[in-house]
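Asker: Please construct the entire structure, taking both the sequences and the accompanying hints into account.
Each chain, letter by letter, is given below.
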Amino acid sequence: MVQPDSHTHDNFEKDEAFDALLKPVFKGKKLTDEINTADDKWNLLPAFLKVKGLVKQHLDSFNYFVDVDLKKIIQANEVILSDVDPEFYLKYVDIRVGYKHNGHKAIMTPPHECRLRDMTYSTPIFVDIEYTRGRSIVLHRDVEIGKMPIMLRSNKCILDSAAESDMAKLNECPLDPGGYFIVNGTEKVILVQEQLSKNRIIVEADEKKNIVQASVTSSTHERKSKTYVVTKNDKIYLKHNSIAEEVPIVVVLKACGIASDLEIMQLVCGNDSSYQDIFAINFEEAAELKIYTQQQALEFIGTKVKTVRRQKLSILQEGIEAIATTVIAHLTVEALDFRKKALYIAMMTHRVVMAIDNPKMVDDRDYVGNKRLELAGQLMSLLFEDLFKKFNNDFKANIDKVLKKPNRAEMYDALLTINVHSNNITTGMNRAISTGNWSLKRFKMERAGVTHVLSRLSYISALGMMTRISSQFEKSRKVSGPRALQPSQFGMLCTSDTPEGEACGLVKNLALMTHITTDDEEDPIKVICYLLGVEDITLVDSASIHINYGVYLNGTIIGTTRFPTKFVSQFRCLRRTGRVSEFISIYTNSHQKAVHIATDGGRICRPLIIVSNGVPSVTAAHLRDLLDGKLQFDDFLKLGLVEYLDVNEENDSFIALYERDLSKNITHLEIESFTVLGAVAGLIPYPHHNQSPRNTYQCAMGKQAIGAIAYNQFKRIDTLLYLMIYPQQPMVKTKTIELIGYDKLPAGQNATVAVMSYSGYDIEDALVLNKASLDRGFGRCETRRKNTTVLKRYPNHTQDIIGGMRVDENGEPIWQHQALGPDGLGEVGMKVESGQIYVNKSVPTNASDSILTQTEAQYKETPVVYRAPEPSHIDQVMMSVSDNDQALIKVLLRQHRRPELGDKFSSRHGQKGVCGIIVSHEDLPFNDQGVVPDIIMNPHGFPSRMTVGKMIELISGKAGVLNGSLEYGTCFGGSKLEDMSEILVNNGFNYSGKDMLYSGITGECLQAYIFFGPIYYQKLKHMVLDKMHARARGPRAVLTRQPTEGRSRDGGLRLGEMERDCVIAYGASQLLLERLMLSSDAFEVDVCEKCGLMGYSGWCTSCKTAEHIVKMTIPYAAKLLFQELLAMNIAPRLKLGDVFEA
Amino acid sequence: MSNIVGVEYNRVTNSSSTDFPGFSSEQDNAWDLEKFKQTFDVRIESLDEREVNFDLVHVDTSVANAFRRIMISEVPSVAPEYVYFFNNTSVLQDEVLAHRIGLVPLKVDPDMLSWVDTSLAEAERFTDENTIVMSLNVKCTRNPDAPKDSEDPKVLYRNAHIYARDLKFEPQGKQLEQFAKCPVVAADPDILLAKLRPGQEISLRAHCILGTGADHAKFSPVSTASYRLLPHIQITQPITGDAAKKFVKCFPKGVAGVNEKGEAYVKDPRKDTVSREVLRHEEFEGKVKLGRVRDHFIFNVESAGAMTPEEIFFKSVRILKNKAEYLKNCPISQ
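Sequence lines, in order, name chains A and B. Just so you know, we're using this note's numbering here: the first sequence kicks off at 1 and counts up by one. Just so you know, we're using this note's numbering here: the second sequence kicks off at 10001 and counts up by one.
It is worth saying that the hints were derived from the structure and are not from the lab. Keep in mind that this is a model prediction, so the values were computed, not measured. Do not take every clue at face value.
Unchecked claim - Derived EDC-like pairs (lysine to aspartate or glutamate); straight-line CA-CA distance at most 16 Å:
hint, chain 1, residue 1, chain 2, residue 2
1, A, Lys71, A, Glu521
2, A, Lys396, A, Asp413
3, A, Lys404, A, Asp83
4, B, Lys10107, B, Asp10041
5, A, Lys831, B, Glu10095
6, B, Lys10249, A, Glu982
7, A, Lys100, A, Glu144
8, B, Lys10246, A, Glu982
9, A, Lys994, B, Glu10008
Answerer: In structure tokens:
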């Protein structure tokens, strides 16, 4: 198919959904209306989301990987040489994903076809290689080395910059956020992983053990290692995994070439006498070890190193090697100049000394500024590099094998061997993504559960999955620190959206307006720093290093400055004018006397309005241009009106929440306050009036709500899909709802709720439903379940076939085949009942025979039988061919469900309840207008839950109904309660939302006023039909002959230990006997009274007599136990006696 | 006891009637048909094809409520119940479309049909006496005359929107004459049933039978049948000046007014919605008493379209009468 040309589509018309938000007339706001910066600055948020999208972090990361990182990996593993032929070389010149050197795009199977046909959405990886063929050097372009799974909506995806109409042609939903992969037909997400930042010093203290330690995790392309500077008995040591024992810090510094004790003191402590007192003791140990020179120190370290090498090195060389490559591995040493490394270790020691002197000078591991987020791109790059290296190794081995042959007839062409292995990269990538196991030998990384199947339960659940962040902490550990809400999460991570239970606080979600950075080049930044007057650290005198502010680039000191404030402001000026990337952060840490610059990837940041002299730089004119489409969000960045701050820089800024808080010292202004919440928590109306755990509960439940999933929901064939028949957009919405498109793909209905007690079937949060509402379609949903059948081909050329339908003597199909068509497949629209067949498959009986001895094929019927308590309808039948050329049949079965007793419902405030009773229309209370509630909710649900937001939702919703408007319940804003009450009063209702109701049963007035109005209710996926289960008799387990377990196996209902205790306590011994044995696994055995062992057929095999045999009934499990004991040489003997002695 | 239900700030008082024998020694309150005939009153406020608004005065709550309940759930009407699909390639699933068709109110006199005997086999169940057959056969095609720049699917395609009016009556047997004057049509022709795109088609047949609202809401002949009690406003102390103006504002237009003395007075309590706004303001405390007349029911019956609203009410009366007669003949009452 022809690819949509990305150039023809202007960026402006990229996403019609967001365009609506940016239209001059939107939600009642007209072009002529006065623009108020305080009220309208929130328009920056849709502008941000239009540019960035909801899952931009994934897309950016993947784009970076494909466009930049791949090239770096190729460069790092550029050349393949042969051990045999020194003349031979092969060099990778370029790598491209998806298009050839002449710009031609490779043809891709569209994503939806991949989903349906169980294929992988991928595109070829092309490399250009240069190699020697005989005497000549050949350049070969566009060699395919494998296929790369493509992230949907990334810049390699065919959906990139596709207009809504193009999306429709491709059967894609324009609201689908993308950011996931399709591997073997399943949608897989690589969750964002949270980690402690790499290559940064973290100082920690254990006050009980009196230990202070500074640690740094060095991470480079080749290896990962951790270096510690620790205190032990008040002395400071360096610790590293590949050095056998702790090395005194003075020895290490001497080994790094700082031989003078004075200089060591200067580097570590500066002029501070209290630091000097703390550190002085360390010189003694070095002196005791008689280490005075660099050589002595290196040899000392050399003896401690525990590495296994092929060739032996001398002790000195070992020491040099250790300092140069293993310790602080991320700093590379050139020409044996250890100065930089010495400074780094000295700085670590300095931090330790500071922390000893003042225990408050430690770092917080849980501080978001010390975290980095690892995204799909980074993980894919690790994986690709690993596979690529393996690919090259195999390639090289093959080349060597060929070149080794002494007399080759023809000239060797390396290209001929390359294609042989091209599958490794493809399958390696596919397997890793589909299983989620990331095992990389280089880093000894063995991570399971990196990828997850994208949950399509509801639109929100899919969206929520894309913003989810999982932490590396162990779930079982009982520590509160990493789980607690960190103040530094403000605006970056959602404060409400986290699961309950074991993963609480460890799994987080991104807030609405965040961005995650990708790696940026360090070197240009370094140059800029020096140009701005930073003194190069290699040139700075050791004595003055602690006098001035140190300038750190990604944790490594690169120089000092005497004027930190000026430097920082000049640097920021460069960033605001677009001279350096907007994602580079710079901040001053006056405690550490340091200016930190960060360019690394994985930092969370968010945009803020720049304020100077108490005046926000974004003015009404800018906002008008934004609404007119003259300005884009990126222009705000370029004009220096808005900038991104990461957590560290945010901590160094003074941010006003509202315009009224502006003053002279303020540096930034928030764009919108509701962005502290994420996409999922943004659905809750008036969340700022709720008790906080209720919002958290709703975040979990919003993902279980049945609704519309995507525009292409009827074209999808998923394992299980729940859809609501008549979803409605909420009466009370939030700005977030509009931004994420929940009003277009809603999951719930506006129910008229009466808060009163009724019938007694409403205790414990149960709800009373109106039968007439159900008749008219309230809460109706459908389930769609997929069944996949593969018609296998066997090696002996036989294959599975589909039989037709069988007919009875009248020519009518037999009952089992009633849903089938003449082709043996279920007919679309037919009803299938339990026991009926919908794919009449047969397998050959001689599939394992050899092709030579093969006889005429006989077929055995192996039909796909429908088994469920309720019948289904056949919705779709798809027949296709999968990747491996086998016929693939997918049958989609649909069930239409009307709410019934026990179905679960929930409002948007963490208030769930099951349907307790369904009441007919005439019995329900009614108001003056004759309005009858859809749902009656018990008022006891309110006092302990304190969900005031729900009450306000009701009043706003009622006002909206009367006014003909949709009201807002946006967090920290929304329609005001006073205004809503006024609308109620103007329409002849009571201000409080309480109405006078008449009982439907007696017809009299109720003696209390009833809180009555619309509340948005969600139907949750837990439905009685999927859970109901009963059994009188049924299957038993083979081994124990006890009833099977679980509903899926038609299992028994267990009378457990506690129930057993009750029966014992009551003394109902016969009941106990019946429940535990007779109804379970009663078994008649022949017991020999003499020897006490079990015989059979009236014969004791050990006594060789039938004389003393007694028949008795025991549980089969007991018999099994006796036999197992016998098998391990223990003879359990039964001693029999009468219960009632004669 | 007064027959005024007290509407107070946070509660409703005196909501049950006490005029039954044995409640108090002072009054007998025994049932007296003559007295009832004298006091009972029916006033029709408004009446049109679809809606009636009338008052029942001096009747017990139980009787008024019985009428309401019977109108909702026991007056029979005709609705599509069995839908047979021949073809349906629209996006709507068969069940959903069948449900939608079922909810369409039909203009058919329920007295023309008899009840379906569900004990019979499906093949014999439906006759021309008890079943009305409606069919829907539509196919969406492109409109060749559509203007090029048009984006409206209704212009671009033919039969893009399927409405209730597209349901066609298929008279069976003697129905041809029976329904010659009043062919069965949807009461509201503009109910959207489905949307189609070129190439999609729907072909189905619906069997419409008699049923009651107790079985399914679609058989209910009313969209709403309810009553409210007549509001009662009593000014106990004169309200004058600005307070009087404010007092008037507390009620919907026309309920209260200010007379030439500057005193507030009650014009027409019937128009009040009993929003209880007056009770919110301190200045009216103790000066006004809100209430509702317990035995004055303002009925509002809105027909779904099959029958006129008054007919529905009369039927409810007849059903109640039959019930009473049945009870009378029961051995327990003799």
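Asker: State for each hint whether it applies.
Answerer: To see whether the hints hold, each was checked on the structure:
1. A:Lys71 / A:Glu521: At roughly 14 Å apart (the allowed maximum being 16 Å), glutamate 521 of chain A and lysine 71 of chain A satisfy the hint.
2. A:Lys396 / A:Asp413: 13 Å, holds
3. A:Lys404 / A:Asp83: 9 Å, holds
4. B:Lys10107 / B:Asp10041: This hinted pair is violated, its Cα atoms lying about 32 Å apart.
5. A:Lys831 / B:Glu10095: Roughly 11 Å separates the two Cα atoms, so the pair holds.
6. B:Lys10249 / A:Glu982: Holds - the C-alpha atoms of glutamate 982 of chain A and lysine 10249 of chain B are around 13 Å apart, at most 16 Å.
7. A:Lys100 / A:Glu144: Since the Cα atoms of lysine 100 of chain A and glutamate 144 of chain A sit roughly 10 Å apart, the hinted pair holds (cutoff 16 Å).
8. B:Lys10246 / A:Glu982: Holds, because 15 Å separates the two Cα atoms, which is no more than 16 Å.
9. A:Lys994 / B:Glu10008: This hinted pair holds, its Cα atoms lying about 13 Å apart.
Checked against the numbered hints given earlier, the structure breaks only hint 4 and satisfies all the rest.
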